[in-house]
Amino acid sequence: MKPPIIFPHIVNGKIKDGLIYKIPSYCQNICKDFECHQIKNTLSYCSKGFGYISHNGLLYTLHITGLVIDTSSSMPSYLKKQFSHLKISTDLLTIWFNEMKELERFTIQYSEENVKIHLNSLHDIRHIIATLMRTSETLIREQPGKNFDEKLDKSNQHIITLYKSSSLLRDQIETISLLANPHSASFGGKNSSNIYQLVDKLVKMYRVLAKDKKCHLKLDGNSYAQKEIYDSFITIPLVLIDNAIKYSLKSGEITITIYEILDKIKISIRTYSPKIDDVDKIFEKGYRDKYAPNISSRGGGLGLYLAKIVADAHDIKIEHQSTSDITNISGIPYCNNTFSFTL
Amino acid sequence: MLENFLISSFISIIARYIPSFKKKETAIEIKPISFDSIKKIGKIVVIDDDINSFPINEFKDFGYNIDLYTQVDHHLLKRLKNGEYDVIVLDINGIAQKSISIDDGFGILINIKEHHPHQVIIAFSGATYDIEKNDFFNKADFFMRKPIDLIKAEEKIDLAMHKAINLQYYLDDLKYLSHNKGFSENEIKKITNVIDKYTLKPTPKSYEDFYKHLKGISDLTTIAEKMKKILDLSE
Chain A
40 MKPPIIFPHI VNGKIKDGLI YKIPSYCQNI CKDFECHQIK NTLSYCSKGF GYISHNGLLY
100 TLHITGLVID TSSSMPSYLK KQFSHLKIST DLLTIWFNEM KELERFTIQY SEENVKIHLN
160 SLHDIRHIIA TLMRTSETLI REQPGKNFDE KLDKSNQHII TLYKSSSLLR DQIETISLLA
220 NPHSASFGGK NSSNIYQLVD KLVKMYRVLA KDKKCHLKLD GNSYAQKEIY DSFITIPLVL
280 IDNAIKYSLK SGEITITIYE ILDKIKISIR TYSPKIDDVD KIFEKGYRDK YAPNISSRGG
340 GLGLYLAKIV ADAHDIKIEH QSTSDITNIS GIPYCNNTFS FTL
Chain B
3 MLENFLISSF ISIIARYIPS FKKKETAIEI KPISFDSIKK IGKIVVIDDD INSFPINEFK
63 DFGYNIDLYT QVDHHLLKRL KNGEYDVIVL DINGIAQKSI SIDDGFGILI NIKEHHPHQV
123 IIAFSGATYD IEKNDFFNKA DFFMRKPIDL IKAEEKIDLA MHKAINLQYY LDDLKYLSHN
183 KGFSENEIKK ITNVIDKYTL KPTPKSYEDF YKHLKGISDL TTIAEKMKKI LDLSE
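Those protein sequence lines, which keep their order, are chains A and B.
Note that our numbering has the first sequence beginning at 40, numbered continuously upward.
Note that our numbering has the second sequence beginning at 3, numbered continuously upward.
Be a bit skeptical, because a hint or two may be false.
[Said to hold, decoys possible] Straight-line Cα separation of at most 20 Å, SDA-like style, residue types lysine to any residue; simulated pairs:
| no. | chain 1 | residue 1 | chain 2 | residue 2 |
| --- | --- | --- | --- | --- |
| 1 | B | 135 | A | 221 |
| 2 | B | 62 | A | 174 |
| 3 | A | 126 | A | 86 |
| 4 | B | 165 | B | 232 |
| 5 | A | 185 | B | 154 |
| 6 | A | 155 | B | 105 |
| 7 | A | 185 | B | 37 |
| 8 | A | 229 | B | 141 |
| 9 | B | 41 | A | 187 |
| 10 | B | 154 | A | 165 |
| 11 | A | 329 | A | 317 |
| 12 | B | 154 | A | 228 |
| 13 | B | 135 | A | 151 |
| 14 | A | 229 | B | 161 |
Bear in mind the hints are in silico, worked out from the structure with no lab data behind them.
Note that this is a predicted model, so its numbers are computed, not measured.
Pulled out of the complex, with its shape left as it was, chain A reads as follows (with noise of 0.2 Å):
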């Protein structure tokens, strides 16, 4: 949203007319210096007494130029009386500078409203996938079986489903809270968990997903170590193993291992797929790179930046190396991309 602005401003190098006050022609036509276009957070004035200033507020950042003011002692008379009908006082323009503050806080709070009216809207999404939850875990128990998990097996494949789709959904809509309150990555403190096993039940959600695909999920390696963890700790794998499944090639294989090195456990997930092009982008928000859209129209760019947000929470480290040998497959580069990180 453009701020309005009543005064004459400075946009990419050049000044610009205000909504009320215009470019003082000197400005305009005459001056060759440029004085004014340096920052200043206090209104300071050129040689020939035009007065300037920089508003760095929450949400603009904005340089008024060509100001008349009426108390300023520098500027020569001739220029006082050919541009009295732009004169402003200093009043005037604190309260500009406030109000400009109170309309940002405004168009903050609003927004943040507006963000808070859309995901309450969710609640009545986690009712629905609750009732599911409960629904498939009442299916469950019917099973023989000593325990829950001795029950889960035994059922048939449509409950498993039922029941895992449920979880990873909850776990999707989990990313969403993510990108409102990065915060909430650091929620309940950390608690030892299995690694391998957290990880291992993820992939055995995703195969049911993978398999629309025809893709193949490989769990390698093994692990028996704890590691103290966050309950959003979750969204990294989940993150790699989706974007892994959207960019792999159709019928490819996608394979997670996880080992030790020494009181480490490194994890990592490969899969062939297209090229990236900007490494260095892929964790931006939004940002999805250049062949990604043609695999799948599918995605906002959010996944790796909130999986570096969880990453960032854990201190942990989100790397990414690919093969040189390429393939080119429809006009798209695909080579081995890995992702990996260490705990």
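Following the hints, complete the assembly by docking chain B onto the known chain A.
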């Protein structure tokens, strides 16, 4: 070599009779009890206006003592503050009238924690997107996202129960509350001594001795009763 053996044996015999050399038995070191036993004595309450959000029936099937309330009234609030439940699973919205808490679930959490900081509370909500609710999640001991599946719920509840149901935790709680109730340092020391005697030899007499030092204050007697349950199981 024989000489060294004789000297060290002599020293160890003598050491048994010198008080400063006697190994002080730690009162809290008792035979560990199984988690099944912890489940039997532990009490959990879920407070949520959506009865579908937590797998209550499955937990009851698994042998947990678990209650569900959709609203907190004055009577329940008193019970929560008294430590009747070992673990409280608390929703943030729609569980308390303004007369009970102006801040709904968050107000209930603060109220309980101010009175009883050792009370184990699990924040249970899907509102993790709301920055204004960060305090609710940060001030609780654990947190569960809604909707919760059975396996995750069980993992979290078990973690919370391990924290809440153990003698050392009860002892710390007792000391804190005694201090808050105006017990003097001497009185607290006496209580600790009778607890030591009780946990070393948990008899009806030593329990009675311990109990009477608590002056009938319900917060403290609730903890005493919980300690008795653990010690009864560990025999």
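Now the hints, each set against the structure:
1. 135/B <-> 221/A: holds, 13 Å
2. 62/B <-> 174/A: This hinted pair holds, its Cα atoms lying about 16 Å apart.
3. 126/A <-> 86/A: holds, 17 Å
4. 165/B <-> 232/B: holds, 14 Å
5. 185/A <-> 154/B: At roughly 19 Å apart (the allowed maximum being 20 Å), residue 154/B and residue 185/A satisfy the hint.
6. 155/A <-> 105/B: holds, 18 Å
7. 185/A <-> 37/B: holds, 17 Å
8. 229/A <-> 141/B: Satisfied, since the Cα-Cα distance of roughly 14 Å is no more than 20 Å.
9. 41/B <-> 187/A: holds, 17 Å
10. 154/B <-> 165/A: holds, 16 Å
11. 329/A <-> 317/A: holds, 8 Å
12. 154/B <-> 228/A: holds, 15 Å
13. 135/B <-> 151/A: holds, 14 Å
14. 229/A <-> 161/B: Measuring from Cα to Cα gives roughly 12 Å; hence the hint holds.
Comparing the model with each earlier hint shows no violations; every hint is respected.
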